[in-house]
Amino acid sequence: MVVRLKFSATLLPSVCWGSEEISTMYIEFSDEQRMLKDSAEKYLQDNYDFDGRQVVVNSEAPFSMQHWSMFANLGWLAMTFEEEVGGFGGGALETMLLSEQLGTNLVVEPYVETIVLGGQLIARGGSENVTSQCLDSVMAGEYQLAFAWAEKHHAHAMQDIALIAKLKPQENPSVIQLNGHKTVVLNGAAADGIIVLARTAGNVGEMDGLSLVFVPVNTKGCERRSYKTHDGRNAAEFTFNQVQVPADHIIGKVGQAQALLKPVMQQVLLSLCAEAVGAMSSLLTATVDYTKQRQQFGRSIAQFQVLRHRMADMFMELELSRSLMLAAAWKLDQGSDDAERCLSALKAKIAKAGKFVSHNAIQLHGGIATTDELNVGHFFKRIAAINSQFGTRDDHLSRFSASFQY
Amino acid sequence: MSDIEFREEVRAFIREALTTDIQRAGELMTSVFANFDATMTWHRRLNEKGWVAPDWPEEYGGTGWSLNQRYIFQEECKLANAPSLLAMGIQMLGPMLIHYGTEEQKAYYLPRILSGEDVWCQGYSEPGAGSDLASLKTSAVRDGDDYLINGSKIWTSYAQFANKIFCLVRTSKEGKPQAGISFILVDMDAEGIQVDPIVGLDGVIEQCQVFFDNVRVSVSQLVGKENEGWEVAKYLLEFERGGHNFTIDHKKQMAKICKQAVSEYDSEGRLWAQNPVFNNRFADVAVDALALEYTELRIKGALNAGGNPGALSSLCKVMGTEIGQRFNELSMDILGVQALPKQLEALEPDFQGEIVGPDYALTTMPEYINNRASTIYGGSAEIQRDIIAKRVLGL
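Protein chains in written order, with this note's numbering: chain Z, 1 to 406; chain H, 1 to 395.
Careful: at least some of the hints might be erroneous.
[Stated by the list, open to error] Covered stretches of chain H, going by a simulated chain Z footprint (3 or more residues, C-beta under 8 angstroms):
id, region
1, 116-130
2, 271-285
3, 336-343
[What the hints assert, rightly or not] Derived DSSO-like pairs: lysine-lysine, alpha-carbon spacing no greater than 30 angstroms straight-line:
id, chain 1, residue 1, chain 2, residue 2
4, H, K176, H, K234
5, Z, K352, H, K252
6, Z, K352, H, K225
7, H, K225, Z, K292
8, Z, K37, H, K390
9, H, K78, Z, K292
10, H, K176, Z, K352
11, H, K234, Z, K292
12, Z, K42, H, K390
13, Z, K352, H, K137
14, H, K252, H, K137
Derived by calculation from the structure, the hints in this document are not laboratory data. All C-beta atoms in this analysis are idealised placements derived from N, C-alpha and C, irrespective of residue type, glycine included.
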């Protein structure tokens, strides 16, 4: 990986926040990274047309296994796993490049759920037993994962998790026993194994005492109710009724889910935001093309200044988002202390920019974009789904403002 | 020399050369202009050091610095509260003369810009030609080896101090409006020139209207060919737009807001810094400022790699000025009535009297007022959006 960014040390006076100062930002991608981007761009443009996507979305299938197998064959699924476990050792920049292409092409396959989130949790914190059960098949495209964390009325704060996982219950000290319910588990319908955020100690409202537990969905007592989501993806409700899994199904350390979740969630935020950037760029292109050819009042509507300015604003929101995305990816790969703050800025920006671009794409297309037939509305729904996940605009603005050096 | 060493060298120089009186003029800036005398003193000190025109080629008096070094220099000057130099000579006319001027023009004018002997103002806008600059009517009619200029220019910043003006004038009414425009250099003390000051909303005179009544100027003062002034002007406008790093200004604004927010109390008796609604509004703007910072870094990265910023510079102009205005609004909200005392005399660097209210409140309202102009000058926010629509989006 070649990342050429010029740095000088911490020189700005303390009045300006930011722990470092970059003089220029020029990310020169390595040959491998360029190949990844080109391969994703080419494969998806040639093979991932909107009509084909809609056939899958409107079917019973959670997504296209055919595409997912191709993603595996192209090496995308193994890209960001460490070489020791059979991956290619890619980092945040690879996640960013690939996710952006997935967003550009409105891909419904569960890259973020199975690879960026579930796969990474297991790769980083799974026991020998868990890893050997699924990691190779995850990278081969033969095993699906999902992260089950949200609970009814508690869809924003992980510390509010109440589902109990009892370690070493009296009836069988070699297992973990789960009881409770998880809601809107994304990719839950397709999942072969889920990672459950459960309370092994402490009280509701505390991050301490939360543990991650790997549960194969066919475990006795694990009930699933599957459904589709508005953005064309799949999800499920899970009920755990005296579910027992071996004690080594704890991912990471008991009671310390946060330690493992933090770095993985950073990659998840980046992936989702990069997907949104891709979606926004597709929407802008579509809107520009459409307004040029749509005739009203005897001319193309692209000649009306109010629309031209709106599209200029869409362009600016997109490019500002892209700048934050590049900076966040780069900071993550550098292991910068500033990455968390930059990601919150990015997620907050995406929330605003994503809405602005998608709402105006619909507005400028007019009625046709309110139908199921055109892809514009489907990009809009995907952006809405991204905005609903892992922190709203207000959440991330609050986190960002916590970094103010008052 | 590493960038870090370079920065140290710049700081050492600034510590020595930027005396308290000049620095005070920088602190008290409420627009892109500082007190004129202090500005010119700083200009001359930089010239003695050979640092007054870092962007010029070395053969004409530039510094030969890398892009990074130029950025560091700009940043250090601003962070030290040095007054901004007048852009009209160094940022605008200089690069344009270097590109289009004759050898005689370069040899005569460039050293005088560097030394500060000539103070230039910009004669572009007219009462009837603002955003639609090409509709300008001030005429230059050939009379032997001279032109006779008639008409008027408006929004001419610091014309009251300038001894020279560069003008766009109409030399032909044939063809497209752009095709009949020429670029010409004029002495402000030429017979027939009258300067009327315009009082700004803050009560200060920065702008003027300049009237031309049969002003005689030699043909040799034309820059570029007759009727080809539009091309020259466009080149210059790019320098005007591209030559600004908004991030440094934003960081200074944020630092000031931070200071105000830990000193002032809201309607519930909390420090503003503890008001969550205020914090989110502040964060909202700060996120955009951060996004713009990385956009500016992307542009610099592209320039370093030999690329072209393209219309991203229009993005920077729009976002940079709009973000600056949003920061102004936050400061106004923090201060409440404390922003209202009008203390023009206290904005003079040599003011010795007592200021009403805290020092950090002195410039807030004038800045808020003056920054309304930032989205109008240098190609309005609407014109920039037109440029993005046309050149980037191909609309």
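To see whether the hints hold, each was checked on the structure:
1. 116-130: violated (count 0)
2. 271-285: holds (count 7)
3. 336-343: violated (count 0)
4. H/K176 <-> H/K234: 16 angstroms, holds
5. Z/K352 <-> H/K252: Holds, at about 25 angstroms.
6. Z/K352 <-> H/K225: Violated, at roughly 49 angstroms.
7. H/K225 <-> Z/K292: Given that 30 angstroms is the threshold and the Cα spacing comes to 38 angstroms, the pair is violated.
8. Z/K37 <-> H/K390: 29 angstroms, holds
9. H/K78 <-> Z/K292: 44 angstroms, violated
10. H/K176 <-> Z/K352: Between H/K176 and Z/K352 the Cα gap is close to 42 angstroms, so the pair fails against 30 angstroms, i.e. violated.
11. H/K234 <-> Z/K292: 27 angstroms, holds
12. Z/K42 <-> H/K390: 29 angstroms, holds
13. Z/K352 <-> H/K137: Not OK: Z/K352 and H/K137 at ~44 angstroms, beyond 30 angstroms, violated.
14. H/K252 <-> H/K137: 41 angstroms, violated
Violated hints, listed in ascending order, are 1, 3, 6, 7, 9, 10, 13, 14; each of the other numbered hints is respected by the structure.
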